[in-house]
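Model the full assembly from the supplied sequences, consistent with the hints where possible.
Just so you know, the protein sequences line up as chains A and B, in that order. Numbering of the first sequence is given in the numbering used here, commencing with residue 98 and proceeding in unit increments. Numbering of the second sequence is given in the numbering used here, commencing with residue 98 and proceeding in unit increments.
The hints are simulated quantities; they were obtained by calculation from the structure and are not laboratory data. Don't take each hint at face value.
The list makes no distinction among identical chains, and a pair is therefore deemed to hold if it is satisfied within one copy or across any two copies.
[Claimed, not checked] The list that follows gives simulated cross-link-like pairs (lysine-lysine, PhoX-like), each with its CA atoms no further than 25 angstroms apart:
id	residue 1	residue 2
1	K151	K121
2	K269	K320
3	K269	K242
4	K298	K320
5	K246	K173
6	K163	K246
7	K314	K144
8	K173	K151
9	K255	K298
10	K173	K144
11	K242	K121
12	K298	K246
13	K163	K229
14	K246	K269
15	K298	K314
16	K163	K151
17	K298	K242
18	K268	K173
19	K146	K226
20	K242	K321
21	K173	K242
22	K144	K159
23	K118	K173
24	K173	K163
25	K269	K173
26	K121	K320
There are 2 protein chains.
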Amino acid sequence: MREKVLTQEELKKQVGIEAAKYVKNEMIVGLGTGSTANYMIDELGRKIKEEHLKIIGVTTSKATSKQAQALGIPLKAIDEVEYVDLTIDSADEISENFHGIKGGGGALLFEKIVASYSRQYIWIVDESKLVKQLGAFPLPVEVVKYGAKQLYRFFENKGYHPHFRTTNEGKKFITDSGNYIIDLHLEVIANPIILGEELDKFVGVVEHGLFLNMVNKVIVGTKKGLRTYSN
Amino acid sequence: MREKVLTQEELKKQVGIEAAKYVKNEMIVGLGTGSTANYMIDELGRKIKEEHLKIIGVTTSKATSKQAQALGIPLKAIDEVEYVDLTIDSADEISENFHGIKGGGGALLFEKIVASYSRQYIWIVDESKLVKQLGAFPLPVEVVKYGAKQLYRFFENKGYHPHFRTTNEGKKFITDSGNYIIDLHLEVIANPIILGEELDKFVGVVEHGLFLNMVNKVIVGTKKGLRTYSN
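Here you go:
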C-alpha cells in the first residue's frame, strides 16, 4: 500500500485540528494569526456549531477577528478579560530550545501581548518551521513611524540587513497599531536572548518578533504524522 | 539695594534665552516640548527675524511644530535630516548624576527619538527640577492601547502605583503616536538603570520617561542666576 504524501497545506490543517482538541468548554482562548492558525479557528467554529462548545476568543489581529466573527465565535479584547486560559498560534521559526520567531504575518505585537497574559501557550506549525538556530527567517521589528529611517540606518550600520516591509502595492506596510515593520535579514541569530534585550532598548522599537521562553507546547505536522513537544 | 526675586516663570524664560545662545548658524536643532522649551523657541524665532539666524528645526511634538511654524522656523521631520546638531529640551526631574525624567507634557517618545540622533543634548530647567534621586515626579510610560489595562494591573501588582493619564475632560490621554500614558508614582527610584531595562522588556511598553546617560549640558535657572553643568 502506498503512503499518501501530505502537502504542506494538509499538514497545517492537521495541526490546526489537533490543537483545537486542547480547547475545553468555558475557556478564554487566544486566537493566533496566520494560515495555520486559520485552520484551528475554522475547527473551533465547527465545534461551536456542531458540538456546542462554549468559548470566548481573544484575537490577535483585525484579520483573525473578522474570521472568528464570521464563524460565530464570541470575542473579547484582551483588556475585557482577566486572563487567557490558552493561546494557540503559529510561528515562523522554532529553534531546538523552543525559542521562536513570529511576525511574518505582521501581527507580532498583538500576538505577543495576548501570549503574555496567557496561562498556556501552544504553537502549531508544519515541520518546515523547525530549525537548529533561528535567523534564516527574517526577524520582524515593529517600529514607530517617527524616526523609522534613522533606525533603519542604524540597523544597516550594525550589519543587520534591514528591509522595510512593503505591501503588494509597494507602500510601507502598516501594522494594526499604526507602526512600520523592519525585517532584519540576519541568517543566524547566535544568541536570541542578547539580541532581544538589545532590540528592546532601542528607542523607536515597539516590539520584536523574538518570542523567547514563552511557549509551553509545540504541535508539529510532519509527513510521518503529528508530533507534540512539551517545553 | 533690594534684590529682585524672580518668579519661576521668569527663571524659565532666562534659561530659554540662555540656551538659544548655543544655537549657531546653519545648525539642525531639535526643539523640545514644554513651557521652558517654549521660551527657547520664542527666542530662536526672534533671532531668525532680527539677527538673520538660519537654522532648521526638528520638532518633538505637534504642539512644538505649531509654535515653530508660527514663528517662521523652517522645519524638517527627524527622518528628513541625516542627524541633529543640537537638541534643547526641558526635563521634569534631573538627578545629581544627570539622569532625568521626561514626559510630563506627554511627548516623551518623540523627544527621546530626536535626542537619540542628536550630537549634543541640552536640558533647560528651573532649579525646582533638580533632585537628589529621581522618583517624586511620576514616571510616564507610553503604552500600546491593546492590553493597556493588563499592563496597568501588572504595574499595580508590582507596587508601582500606576495611574492612566487623563485629559481635562476625564478621557484617557492619547499621545502623538496614538498610545496611552501610564504614570508610575514611585516616590523614589533607587536604580534608574535597572528600572529602565525592566520597563524596556515589558510587552506593550513603547517607551518610558527615564532619560539615562543622554544629556551633555544642563542649564539651570536659580534665584541667584544661571548655572550651567556639563556632563
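Right, here's what the structure says about each hint:
| no. | hint | result |
| --- | --- | --- |
| 1 | K151 x K121 | within (8 angstroms within a copy, 68 angstroms between copies) |
| 2 | K269 x K320 | neither (37 angstroms within a copy, 52 angstroms between copies) |
| 3 | K269 x K242 | both (10 angstroms within a copy, 22 angstroms between copies) |
| 4 | K298 x K320 | neither (41 angstroms within a copy, 38 angstroms between copies) |
| 5 | K246 x K173 | between (35 angstroms within a copy, 13 angstroms between copies) |
| 6 | K163 x K246 | between (32 angstroms within a copy, 23 angstroms between copies) |
| 7 | K314 x K144 | within (22 angstroms within a copy, 64 angstroms between copies) |
| 8 | K173 x K151 | within (14 angstroms within a copy, 54 angstroms between copies) |
| 9 | K255 x K298 | both (15 angstroms within a copy, 21 angstroms between copies) |
| 10 | K173 x K144 | within (19 angstroms within a copy, 55 angstroms between copies) |
| 11 | K242 x K121 | neither (41 angstroms within a copy, 29 angstroms between copies) |
| 12 | K298 x K246 | both (17 angstroms within a copy, 23 angstroms between copies) |
| 13 | K163 x K229 | neither (35 angstroms within a copy, 53 angstroms between copies) |
| 14 | K246 x K269 | within (12 angstroms within a copy, 30 angstroms between copies) |
| 15 | K298 x K314 | between (29 angstroms within a copy, 23 angstroms between copies) |
| 16 | K163 x K151 | within (19 angstroms within a copy, 53 angstroms between copies) |
| 17 | K298 x K242 | both (17 angstroms within a copy, 20 angstroms between copies) |
| 18 | K268 x K173 | between (31 angstroms within a copy, 22 angstroms between copies) |
| 19 | K146 x K226 | neither (32 angstroms within a copy, 62 angstroms between copies) |
| 20 | K242 x K321 | neither (45 angstroms within a copy, 43 angstroms between copies) |
| 21 | K173 x K242 | between (28 angstroms within a copy, 15 angstroms between copies) |
| 22 | K144 x K159 | within (22 angstroms within a copy, 50 angstroms between copies) |
| 23 | K118 x K173 | within (21 angstroms within a copy, 55 angstroms between copies) |
| 24 | K173 x K163 | within (13 angstroms within a copy, 39 angstroms between copies) |
| 25 | K269 x K173 | between (30 angstroms within a copy, 20 angstroms between copies) |
| 26 | K121 x K320 | neither (28 angstroms within a copy, 68 angstroms between copies) |
Violated hints for the displayed structure, listed by number in ascending order: 2, 4, 11, 13, 19, 20 and 26.
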